[in-house]
Amino acid sequence: MRVYVVPRTYFEVQRGTLVEEECFERCNIISINAPSRGEIPPFSPGYENAPNLLELRFDDVADPVREAGGVFMSEADGDAVLAFVKRMDRTRQLYVHCTAGITRSGAVGEVIDWFVNCCLEKNHEDHAMFLRRHPYLVPNRWVRRILLEKFHSHWQFAMQG
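Just so you know, we're using the UniProt record's numbering here: the sequence shown kicks off at 1 and counts up by one.
Heads up, some of the hints might be wrong.
To be verified - The calculated label-pair distances, taken between Cβ atoms and stated as ranges, are:
1) Lys122 to Gly16: 33 to 43 Å
2) Glu149 to Glu39: 32 to 42 Å
3) Leu18 to Arg141: 37 to 47 Å
4) Thr17 to His124: 27 to 37 Å
5) Arg2 to Ala68: 29 to 39 Å
6) Glu21 to Val65: 39 to 49 Å
7) Arg26 to Ala128: 15 to 25 Å
8) Glu67 to Leu18: 21 to 31 Å
9) Glu125 to Leu148: 16 to 26 Å
10) Glu12 to Asn49: 18 to 28 Å
11) Met129 to Tyr10: 13 to 23 Å
12) Leu148 to Glu67: 16 to 26 Å
Just so you know, the hints here were simulated from the structure itself, not pulled from any lab data.
Just so it is clear, the structure is predicted and the values come from calculations on it, not from any experiment.
Yeah, the Cβ is synthetic: ideal placement off N, Cα and C, and Gly gets one too.
Throw the hints in and build the complete structure from the sequences for me.
As structure tokens, then:
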């Protein structure tokens, strides 16, 4: 499965265009928005309930114990990501965005790409391609930790069944 990590401007410039419509027809999307900035998802009205869209709201907080303020990724957010990945059509590409497309979406995209391509599909080449395609990512360590715990627990449970 191909995973792409992009900034929110990627979708902002497509808003109201045929490209946006085609993206929602052919892709899965995880939209991470910063509540402290008042960000709303960068899509046209009508897409907010699309079945292939997961909308999350948390700030780029890497250490909720040391960093005061902001909304950090919660366990419930991690559960939502895992549930979305379990139900999404893996023949479609996945786009993950946050404000800059580097830290929050970098962590989400990296963990999902690793889990799907390395663990589920045994496709290490696609994961290597993801890493080559996204050398600028600096995954948020809090987001990464939560997701790795969620996906690891799910993987262990799946392997026992």
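For each hint, the structure was consulted:
Under the hint 33 to 43 Å, the C-beta atoms of Lys122 and Gly16, about 40 Å apart, fit the expected range. A beta carbon spacing of about 26 Å between Glu149 and Glu39 contradicts the range 32 to 42 Å that was offered as a hint. Against the hinted window of 37 to 47 Å, the Cβ-Cβ separation of Leu18 and Arg141 comes to about 38 Å, which satisfies the hint. Taking 27 to 37 Å as the suggested C-beta distance range, the pair Thr17 and His124 conforms, at roughly 36 Å.
Between Arg2 and Ala68 the CB atoms are about 38 Å apart, so this pair conforms to the stated range of 29 to 39 Å. For Glu21 paired with Val65, a C-beta distance near 43 Å keeps the hint of 39 to 49 Å intact. Checking the proposed 15 to 25 Å range against Arg26 and Ala128 shows it holds: the Cβ atoms sit about 24 Å from each other. A hinted range of 21 to 31 Å for the beta carbons of Glu67 and Leu18 is inconsistent with their spacing of about 41 Å.
A hinted range of 16 to 26 Å holds for the C-beta pair Glu125 and Leu148, which are about 22 Å apart. As the Cβ distance of Glu12 to Asn49 is approximately 20 Å, the hint placing it in 18 to 28 Å holds. A C-beta distance of roughly 19 Å is found between Met129 and Tyr10, which places it inside the suggested range of 13 to 23 Å. Look at Leu148 against Glu67: about 20 Å separates their beta carbons, and that is inside 16 to 26 Å.
In the structure shown, a violation is registered for the earlier hints numbered 2, 8, in ascending order.
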